[in-house]
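Residue numbers (the working numbering), protein chains in the order written: chain A, -13 to 402; chain B, 127 to 455; chain C, 35 to 322.
Just so you know, these hints were derived from the structure itself, not from any lab. Predicted, not measured: the structure shown is a model, and the values here were computed from it. A hint or two may mislead.
[What the hints assert, rightly or not] In silico lysine-lysine, DSBU-like type, Cα no more than 35 angstroms apart, as pairs:
{"id": "1", "chain 1": "A", "residue 1": "K22", "chain 2": "A", "residue 2": "K186"}
{"id": "2", "chain 1": "A", "residue 1": "K215", "chain 2": "C", "residue 2": "K175"}
{"id": "3", "chain 1": "A", "residue 1": "K296", "chain 2": "B", "residue 2": "K417"}
{"id": "4", "chain 1": "A", "residue 1": "K296", "chain 2": "A", "residue 2": "K22"}
[What the hints assert, rightly or not] Quick list of the computed label-pair ranges, beta carbon to beta carbon:
{"id": "5", "chain 1": "C", "residue 1": "R69", "chain 2": "B", "residue 2": "V423", "range": "22 to 30 angstroms"}
{"id": "6", "chain 1": "C", "residue 1": "I173", "chain 2": "A", "residue 2": "T355", "range": "53 to 61 angstroms"}
{"id": "7", "chain 1": "A", "residue 1": "D196", "chain 2": "C", "residue 2": "F313", "range": "19 to 27 angstroms"}
{"id": "8", "chain 1": "B", "residue 1": "A325", "chain 2": "C", "residue 2": "N121", "range": "49 to 57 angstroms"}
{"id": "9", "chain 1": "A", "residue 1": "N267", "chain 2": "C", "residue 2": "L211", "range": "54 to 62 angstroms"}
{"id": "10", "chain 1": "C", "residue 1": "P36", "chain 2": "B", "residue 2": "L427", "range": "39 to 47 angstroms"}
{"id": "11", "chain 1": "A", "residue 1": "L190", "chain 2": "C", "residue 2": "G169", "range": "32 to 40 angstroms"}
{"id": "12", "chain 1": "C", "residue 1": "R126", "chain 2": "A", "residue 2": "Q300", "range": "23 to 31 angstroms"}
{"id": "13", "chain 1": "A", "residue 1": "T355", "chain 2": "C", "residue 2": "Q167", "range": "23 to 31 angstroms"}
{"id": "14", "chain 1": "B", "residue 1": "L427", "chain 2": "A", "residue 2": "N398", "range": "50 to 58 angstroms"}
{"id": "15", "chain 1": "B", "residue 1": "I204", "chain 2": "C", "residue 2": "P127", "range": "51 to 59 angstroms"}
{"id": "16", "chain 1": "A", "residue 1": "D196", "chain 2": "B", "residue 2": "D318", "range": "33 to 41 angstroms"}
{"id": "17", "chain 1": "B", "residue 1": "A404", "chain 2": "A", "residue 2": "N398", "range": "50 to 58 angstroms"}
{"id": "18", "chain 1": "A", "residue 1": "S150", "chain 2": "B", "residue 2": "L277", "range": "28 to 36 angstroms"}
[Stated by the list, open to error] Computed far set for chain B versus chain A, every beta-carbon distance over 12 angstroms:
{"id": "19", "residue": "L141"}
{"id": "20", "residue": "F228"}
{"id": "21", "residue": "N278"}
{"id": "22", "residue": "G310"}
{"id": "23", "residue": "A315"}
{"id": "24", "residue": "R317"}
{"id": "25", "residue": "E321"}
{"id": "26", "residue": "V330"}
{"id": "27", "residue": "L375"}
{"id": "28", "residue": "G426"}
{"id": "29", "residue": "S428"}
For glycine and all other residues, C-beta sits at the position ideal for the given N, C-alpha and C.
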Amino acid sequence: MPSVTRRDFNRLAAGSAIAGSAALAAPAVVRAQASKLRVGVLLPRSGALAFIGQSCQRGADIAPAMLREMYGVEIELMNADMESSVDVARSRAEKLIDDGAQLLVGAFDSGPTAAIAQVAEQRKVPFVVNIAAAPQITEQGYKYTFRNFPSAGDLIGNGLSLTSDIFQATSAAPRTAVFMHVNDTFGSSMAKGIAAILPKLTHLPFKLVDTISYDREARDLSVEIAKAKATQADFILLVSRLNDAILLVRELVKQRWSPQAIISPGSPGMYEAQFYKALGNRYSDYCISNVPWYNPNAALAQSVEATFHKQFPQEKLMFHALNVGFTFEAIMIAADAFKRAGTTDGDPLAEAIRQTNITEHMMVGGPITFDAKGQNTQIASACIQNRDGEPVVVLPQDAAQKAPVYPVPAWNERKA
Amino acid sequence: MQRSILALVVLLAVLLVLPFALDRYMLSVMILILYFAFVGQAWNVMMGFCGQLSLGHALYVGLGAYTSAALYQHFELIPWVGMIAAVLVCVAAASIIGWLAFRFGIGGTYFALLTIAFAEFTRIGFEHFDWVGGTAGFFLRVTQQSRMDVLNLRGDPIMFYYLALALAVAGFLLSAWLLRGRLGFYFRAIRDNEEAARAAGVNVFRYKMYAVQISGGMTALAGVFFAFYYNNLFPEQIFHISRSIEIILAPIIGGIGTLFGPVLGAAVLTLASEGINAALEALGHEIPGVKQILYGVALGLSIMFMPHGIWPGIARRLGFTRARDDSDA
Amino acid sequence: MPIDAVVNIVISGLFTGLVYGLMALGLSVIYGVVRIVNFAHGELMAVGMYAAVFAFVMAGIDPLWMLVPLAVAFFGIGYGLQRALVNPFIGRPEHSQFILLLAVALVLVNLLLVFFGPDARGVLVSYSLDSYQIGPLLIDKVRLICAAVALITCAILFAIFRYLSFGKAIRACADNLLGAQVVGLNVKHLYALTFGLGTACVGIAGCLMSLLVDVTPGLGPAYTLLAFVIVIIGGLGSMVGALAGGVLIGVSESVAGLLFTPSAKGMVSFALMILVLVFRPQGLFKAR
């Protein structure tokens, strides 16, 4: 492994000073024209989130070829597994940078993402977050971290207003809801967001009658569902992961309680492939998730879908929508900034990212831009309802594929 | 004896200048090694010297980390003051566990399980403790890392390297002092045969308490280091039983009850782990889980064939101890 | 909170507790006789669960039919494990035993990860989501069946130790090892038999669990811990204690989840264990 001693570094510094002053004199000649950008991709490839990590990786894999056509720049991917652990994330990030990564993308899990953001800041390497909701990531005053994903607060805000849209579109007015959430990093960020935002949204017709939090590792959710059933609430507001979502639906069926709907204001789980497989169409249908999604009518979404299907013929993009979409967009942001900056150096690259304004993108929402904290606040959510074993966009109407159904059929009324 | 002191001095000199020859990644690896060396030594005081098996040492790391972090974040107290608070909290916790266990004569496996229970109990408790973030995590405010701020422990990894080195050296010196002194003598008596020690007039309860308290207090400092190095704390990560297991691997592989064992164990394990990573990457095989399997097999083999750890054999070869000497060296 | 909801929750906790008890039973039997702290206990159960899932996915076999084959297979595994790996470690210090079994656990968990991948797998038979309605009570069909099987298994085990000669021989080893050796019992063989019996229990428990819970490779450690908590509360070496401990944990966790926030219900089992260790370290029931 190459090591740089103090003396080498001083010589290098002296040399660059001289070169730098010459550069001032003749910028057009000396300015380094870098030919390709090396992007380090940090994802959870092992551990509980491995499936999602693999999903995101697919979004990364299709990017270089597509971006070469779109922007005419060369992107080289360097993939690393951060094992869903904070220390591993940190050392992998350091290693990637030492091995030549000039920009980092990652990491789905909020804890490791925060650790990588620190490393990026220390090493002055731009870091584009593909998916991670913890608000603190863009609240630390970092100059090198950019997040193209809504923070928990934005997710909740969008999710709740879409909920109101559902009720309007279906002329429903439920009065009570029970809020259930998983007690992990993501779940509690979302719970805090709801506690802060919900009271302010006075136009919503419903009130929360109870909040039930359950353990992330819980294998048996019968007590939680029994409590929820006892509230006699009209519908369930749910922030969960995949496995607990499956468990909860099973318990609901066993305990014979059919709420008017299960609505997620911004969490994963109910739109993922395993959910449909585990529960079958009969019980997985009609669950609603208000999450960021790709716009099926957007040109870029359609070409990504075509490329994805060609490279992974066994898969459909709709089952990897967020993971592939945001990972692809993260690398696209890198390519776009690289093209404008013309260099792989950290500072100008970060500046270029800060100036990003991409109107042709694939996820629902306004153009990709970043505010002073490095956060993209223009990402919208779409209302996704499970129909016939597939996630279908039902709101907003300009992206909708079907009309929303609320209230949803009871468990025993559904055909086997 | 002279030989070993000379060797230690040379090692220390090398470690002092090492950062200037390393890249950032290797530096972060060295910091990990020194961290595990220190925390392994802390655990060794309780287990290696006194024979009390603790499988819940992550409790002290977590308590130390959260105490100092909360004082820094909520009350603006510098981590050096936070360290004192952290040590006090951990000594208190250790005292509770020790009192409950030793008063009622709980030892061996039961004691180990008791330590696990406390760690898990605390983990779940902290997951609901919103003042320090709960499961959403506790984030310390971070400033730009260009300036080194030793008072607030904000700065370059090089600063953390020297801090970890200082901790490891301090831990080593403390362990050596304990071992040679009266406390160490009583500890080892209790470890080797508790009944006989009691019969010989040793106040077993008191000395076991000391062992647990010292061990817990030392580990508190590791927790403070952890908090300020990583800047984010999550209960499910810091109190988790896998952390407790991580802590004990180094001293067991290196050599329980020896002075240098935990240090060597930390180096071997960390480097082996990184080495396996690099090898797997080079081979192009990215199958998750293979690294852990190799780890497990290596662990099983080493405990089967080298139950006293790696260090005693090496120490004998290098002439630091006479053959068949007291295994504590 | 309406009373029938509370009763339902308690009954559900009772049934789940019986299956936990079966799992803990295996551990109790092993520790009671061989005095080995089996830290790979939960992982073995996870292997059992995967075996049941595999049979279901590949050949559509309902896990209930797999009970006997798995019990036999796991008996063999336990016997082999003890003879080959654990036996040399019996006299060694506790931390050595612990590390060995930890290494075994580590390898098992990751082998499962490599072969089955990280996704959760479950068994969804036709009656998985059925429940019986008796008045205001709603009883989960699968839980009821699993609880019944657990009870039957315990009864069989009890009979083995009471009436069969090798069962009595095993008890002799536990009560007085020196005496047993003097009398001429083949202790090594008996130890291995015990390990086999305990592991068979774990295999059956795994089979039953696959109907209740989805299995992931990392499932083991949590159940290992749970088994230890139950065994300590119930009393190491007591079969009735293991069952009673399981039921106690199952019910108290359910009730705690009802009264407090469900995400903290894990604290209950640890609090109970700490209390038992402090006030009655031999457990609630004496070893027979």
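Quick rundown of the hints versus the structure:
1. A:K22 x A:K186: Between A:K22 and A:K186 the Cα gap is close to 48 angstroms, so the pair fails against 35 angstroms, i.e. violated.
2. A:K215 x C:K175: Given pair A:K215, C:K175 holds - Cα atoms ~19 angstroms apart, limit 35 angstroms.
3. A:K296 x B:K417: holds, 32 angstroms
4. A:K296 x A:K22: holds, 25 angstroms
5. C:R69 x B:V423: 22 to 30 angstroms: Since C:R69 and B:V423 have Cβ atoms about 26 angstroms apart, the given range 22 to 30 angstroms holds.
6. C:I173 x A:T355: 53 to 61 angstroms: holds, 57 angstroms
7. A:D196 x C:F313: 19 to 27 angstroms: Roughly 36 angstroms apart at Cβ, these two residues miss the hinted range, so it is violated.
8. B:A325 x C:N121: 49 to 57 angstroms: violated, 33 angstroms
9. A:N267 x C:L211: 54 to 62 angstroms: holds, 60 angstroms
10. C:P36 x B:L427: 39 to 47 angstroms: Hint violated: Cβ distance 58 angstroms, outside 39 to 47 angstroms.
11. A:L190 x C:G169: 32 to 40 angstroms: Holds - the Cβ-Cβ distance for A:L190 and C:G169, about 38 angstroms, lies within 32 to 40 angstroms.
12. C:R126 x A:Q300: 23 to 31 angstroms: violated, 50 angstroms
13. A:T355 x C:Q167: 23 to 31 angstroms: Violated - the Cβ-Cβ distance for A:T355 and C:Q167, about 56 angstroms, lies outside 23 to 31 angstroms.
14. B:L427 x A:N398: 50 to 58 angstroms: holds, 57 angstroms
15. B:I204 x C:P127: 51 to 59 angstroms: Since B:I204 and C:P127 have Cβ atoms about 43 angstroms apart, the given range 51 to 59 angstroms is violated.
16. A:D196 x B:D318: 33 to 41 angstroms: violated, 57 angstroms
17. B:A404 x A:N398: 50 to 58 angstroms: holds, 57 angstroms
18. A:S150 x B:L277: 28 to 36 angstroms: With a Cβ separation near 50 angstroms, A:S150 and B:L277 fall outside 28 to 36 angstroms, so the hint is violated.
19. L141: Non-interface label stands for B:L141: nearest chain A Cβ at 16 angstroms, farther than 12 angstroms.
20. F228: holds, 32 angstroms
21. N278: holds, 15 angstroms
22. G310: holds, 32 angstroms
23. A315: Given that every Cβ of chain A is farther than 12 angstroms from that of B:A315, nearest at about 38 angstroms, it holds.
24. R317: Non-interface label on B:R317 holds, nearest chain A Cβ at 32 angstroms vs cutoff 12 angstroms.
25. E321: holds, 41 angstroms
26. V330: Label holds. Min Cβ-Cβ 38 angstroms, cutoff 12 angstroms.
27. L375: holds, 15 angstroms
28. G426: Per Cβ check, B:G426 is outside 12 angstroms of chain A; nearest 21 angstroms; holds.
29. S428: holds, 23 angstroms
Figure legend: structure checked against the earlier numbered hints; hints not met, in rising order: 1, 7, 8, 10, 12, 13, 15, 16, 18.
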